[in-house]
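Spelled out, the chains give:
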Amino acid sequence: MNKHHRIPVSRVICFLILVLFLIIACAPFSLIWSAAFKTKAELVHNVFGPPQQMHWENIAKTWEQGHFGIYYKNSVLVVIPVVLFSIMLSLTNAYAFAYFRFPGKTLLWGIVLFGMTIPMEVVVIQLYHHLKGMGLLNTLPGLILPQIAMGIPFGTFFMRGTLKEIPKSLIEAAEIDGAGTSQVLWKIITPMIGPSVITLIVFFFTWTWNEFLLTLVIISKEALRTLPVGMAFFQGKYVGNTPLIAMGATLMTAPIILLYIFLQHYVISGITAGALKE
Amino acid sequence: MSEHRSLYDSPLRGYLYLLPGFFIYCLFLFIPVLQTLQLSFFSWNGLQPKVCVGIKNFLTLFSDPIFYRSLVNNLVLVIFIMVLPTLIGLVLASIIELNRYKIRKLFEVVLFMPYILSLVVVGVIWRWIYNPSFGVINTFLRGIGLSDMTKAWLGNSATALTAVGISGTWVFHGFAMVIFLAGYSKISHSLYEAISIDGGNTLHKFWYIALPSLNHEISVVTIFLFINSLKTFDLVYVMTKGGPGYATNVISLYVFKNAFQYNRYGYAAALAVTLALIIYGISFGMTTLRRKHTDE
Chain A
1 MNKHHRIPVS RVICFLILVL FLIIACAPFS LIWSAAFKTK AELVHNVFGP
51 PQQMHWENIA KTWEQGHFGI YYKNSVLVVI PVVLFSIMLS LTNAYAFAYF
101 RFPGKTLLWG IVLFGMTIPM EVVVIQLYHH LKGMGLLNTL PGLILPQIAM
151 GIPFGTFFMR GTLKEIPKSL IEAAEIDGAG TSQVLWKIIT PMIGPSVITL
201 IVFFFTWTWN EFLLTLVIIS KEALRTLPVG MAFFQGKYVG NTPLIAMGAT
251 LMTAPIILLY IFLQHYVISG ITAGALKE
Chain B
279 MSEHRSLYDS PLRGYLYLLP GFFIYCLFLF IPVLQTLQLS FFSWNGLQPK
329 VCVGIKNFLT LFSDPIFYRS LVNNLVLVIF IMVLPTLIGL VLASIIELNR
379 YKIRKLFEVV LFMPYILSLV VVGVIWRWIY NPSFGVINTF LRGIGLSDMT
429 KAWLGNSATA LTAVGISGTW VFHGFAMVIF LAGYSKISHS LYEAISIDGG
479 NTLHKFWYIA LPSLNHEISV VTIFLFINSL KTFDLVYVMT KGGPGYATNV
529 ISLYVFKNAF QYNRYGYAAA LAVTLALIIY GISFGMTTLR RKHTDE
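Residue numbers (the numbering used here), protein chains in the order written: chain A, 1 to 278; chain B, 279 to 574.
Since the hints were made in silico from the structure, they are not lab data. Heads up, some of the hints might be wrong.
In silico DMTMM-like links for lysine to aspartate or glutamate, alpha-carbon gap of 20 angstroms or less [what the hints assert, rightly or not]: (1) A:Lys187 x A:Glu165; (2) A:Lys237 x A:Glu64; (3) A:Lys105 x B:Asp287; (4) A:Lys164 x B:Asp287; (5) B:Lys464 x B:Asp342; (6) A:Lys221 x A:Glu57; (7) A:Lys40 x A:Glu57; (8) A:Lys237 x A:Glu222; (9) A:Lys168 x B:Glu386.
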């Protein structure tokens, strides 16, 4: 009897702790989303409530005055090639490391793994001069190529793990049937690794969409800024106009949140797989 | 069968698949890193020729009070970005797992959400929360009649670093929780039942079964978050730019300022190399310590 009562009480307390953290995780989001649709005047006396009237014109104001149209275009122009090429090149790299036998494999694998541990802070100084020498400062390729390079180490590591799980007999059978190595890769392996590819797409998309330091260093022209750097400068310029800043944050975050809501399974399983495999 | 010569034995084909990815990786990441290492032994303002100065940059660094201040700030951030998220994540994961709530998935998905945000956006959001005149915290304090407690949270050197740190805790606690939940899912339930039969309660289950089983996850989370707390750049850049004074200056920001504002590229490189060495040294130490601990 006693025991019967005790269990629900601790369960309820634990549940309340979880709900508290749920609110802590959500509150900044809901505050910023509601602030995005208020006027400056309303926000001063109504920080916590929902907007009395939805000021949709804030979207257009931020988009045009805040130049978010330009930042969006640049972010999309960077993120698409980075995701595409990072995945392609990670896959061919992983293919070589997973199946082929060649001299120097251990050394090359070590060099790739080392790339996963390099902090951006260490690369960016020389990268700046390097890109300057190649005439790539203040250009989109100057943003795209280094980010492909940054994706390759993790992508290779992750894809190699996936390829290793494909039964060897399958590859051998295809080879005996006369398939070449590239046919094996594109006709047999690629159709089998959909989920891993989706996980990588989500990771590369998020990293590239959020990349700040590299863009801050490589790009000084406003016309080439991506969303994070545009947002940082926009904040400096519109200090005090919280609704517009909040709308900027909302616009910038929307694609990432949508991607996450639809594909959260891949994000979480990818994160845990990456952490637990090692 | 054994006579069959596999195409996968041809090194040339292997190299061919490796070539494009490896080339881009080396050109834009690996070589610049080696060059940064080299640059750390030079004095260079970006215009005049580089002058080799040996280890002078590193010696300067050891007598640079701003470097020490930044290092201490980074260590304070370790508390907020590594220690607190790990503890909170462990508690939340344990609560979810040991109570077996039906809506576990909801907690997992929502609490993880701050982690996917750009740190720039996190900085922007929290700057507003901390704003002295129209910020969320001060508005709330005034609303409940505690006007005396309102502060310029980010403009005050006594509170600025803690304020930045708390936003970091907000970002990373869900990440830690998700990894711990994954670790929990590998623990066999018969172990818990055994404890229950012996009359143990939930705390016993946590202490004698969960905690030892989560050993690997704990080290993964702590190392990952440790590295993140040392690399903090975006948050500080957006929230305080290192100020007021040097109250929130961190090493990565100091690297950035030296290279791209003061044009002291050699010194910036030496700082960056030192940062990397600290990261590698401590991560390596933590991994070895754990290995030794688990082997015993």
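Results for each hint:
no. : hint                : result
1   : A:Lys187 x A:Glu165 : 17 angstroms, holds
2   : A:Lys237 x A:Glu64  : 14 angstroms, holds
3   : A:Lys105 x B:Asp287 : 13 angstroms, holds
4   : A:Lys164 x B:Asp287 : 17 angstroms, holds
5   : B:Lys464 x B:Asp342 : 48 angstroms, violated
6   : A:Lys221 x A:Glu57  : 27 angstroms, violated
7   : A:Lys40 x A:Glu57   : 13 angstroms, holds
8   : A:Lys237 x A:Glu222 : 13 angstroms, holds
9   : A:Lys168 x B:Glu386 : 36 angstroms, violated
Comparing the model with each earlier hint shows violations of hints 5, 6 and 9; every other hint is respected.
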